[in-house]
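J.: Heads up: the protein sequence lines correspond to chains A and B, in order.
End of the first sequence = 196 in my numbering, gap-free, step of one.
End of the second sequence = 722 in my numbering, gap-free, step of one.
Wrong hints could be hidden among the right ones.
To be verified - In silico BS3-like pairs for lysine-lysine, Cα to Cα no more than 27 Å straight-line: (1) B:K604 x B:K562; (2) B:K604 x A:K106; (3) A:K106 x A:K191; (4) B:K686 x A:K106.
What the hints contain is simulated information worked out from the structure, not anything from laboratory work.
Small disclaimer: the values here were computed from a predicted structure and weren't measured.
Each chain is listed here by its residues.
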Amino acid sequence: MNFDELKSSWQTQPLNSGMEINELKTTLDNKWNKYQQSLYRTNICMTLGFLAATIVITWVFFAFQAEFGLAFKLSLASTCLLMIVFAAIAWRSYDFKKDHLEVASTDFIKYQLQKISWQRKVISQYIWIYMVLLWLAVMTYMVEILAPATATLRYSAIGITTLFLVIVAFRDARKQKSRLARLDDMAAELEQQQKMLISN
Amino acid sequence: MEKPDEESFNKLIVSNRASIYRICRAYIYDASLADDLYQEILYQIWKSIRNFKGHAKVSTWVYRIAVNTAISFNLKNKRQQHEPLPEFFQVAYEDTMDEKKASEAKLDHLRYCINQLEPADRLIISLVLEDKSYKDIAEITGSNANLVGVKINRIKGRLLKLMTTKQHYEL
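Given the sequences, and given the hints that come with them, work out the whole structure.
T.: In structure tokens form, the structure reads like this:
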């Protein structure tokens, strides 16, 4: 047996894709439409959400700024910062959805590794920045709102809310562990392929 | 986002679908998964066709999309790799087996042996089996053009060895 025999036998194999070309085109069309609709929905929802939040925050700021102090302003500032961080993460992740498949495989793998590294950072670092900002926004708001209340009520409310956020963060951290392991596994495999393609 | 050009897509598919399908079969042993990969590649070509700038040959562009989609697909379907040798291969070849069956068995055996190679080697050998030149393979995969010949000879040798050692029957 030699390699040329293998090659000629390989090239004569029938195409058994199990799908006719017309059927295939319909499937691609449907998939394409779904893809467009999903992009459209995501973009519209995000734009409307941020627009509504900005309008409300601006209104709240001008309507109540005279009545409340620094904590109130800090709360609004944290909320705005939170939205900026969220938007930055969302748009960067959105950009990574483009796969750039038409490049050489080594470049494609390099891009996939960057994508994985970004996902890793989002899970392990940015999500914590998000949580801290969220906590800060909620806390400063509560401090201001509960200023006239008794110390017991104020500290209980702050304590319960903080505990709730800690529980949420702890639960997410457990989920993140398995996601990080999966990402590391994928990165290791891609690095191995990259190495094999580059070396001889 | 405008809809891709259907005519260009048809032309591309008519001239490349058999090669794309064979790459899928080389990369993924399981036939139904290979079918899924085949459709995913066609979908990616359908999506990317408007972005084709003509910087590379059309065939290089198509093969790059095929190979990169396969890499991506492989990450999502890792559990399906290195399946055990089908029972079919364990039985001795019988004289009663007709030519068509024998030829399909030989092909299946080849697919199985290709599947034993490392993923990157599987991609390269699938391009070699499509008669791609060393230069084209280097362009598609991004491998060093000076080293690709050495690499291909090593993979060919490994494949032929697998074909011999894993052969439990005489074809």
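J.: Decide, hint by hint, whether the structure agrees.
T.: Here is what the structure says about each hint:
1. Annotation: proposed proximity of K604 (chain B) to K562 (chain B) holds, straight-line Cα distance about 17 Å (limit 27 Å).
2. With a C-alpha separation of about 22 Å, the suggested pairing of K604 (chain B) with K106 (chain A) holds against the 27 Å cut-off.
3. Proximity of K106 (chain A) to K191 (chain A) is assessed by CA-CA distance (about 11 Å); at most 27 Å being required, the pair is judged to hold.
4. Simply put, K686 (chain B) and K106 (chain A) have alpha-carbon atoms about 21 Å apart, close enough for the 27 Å limit, and the pair holds.
Going through the hint list in order, the structure satisfies each hint without exception.
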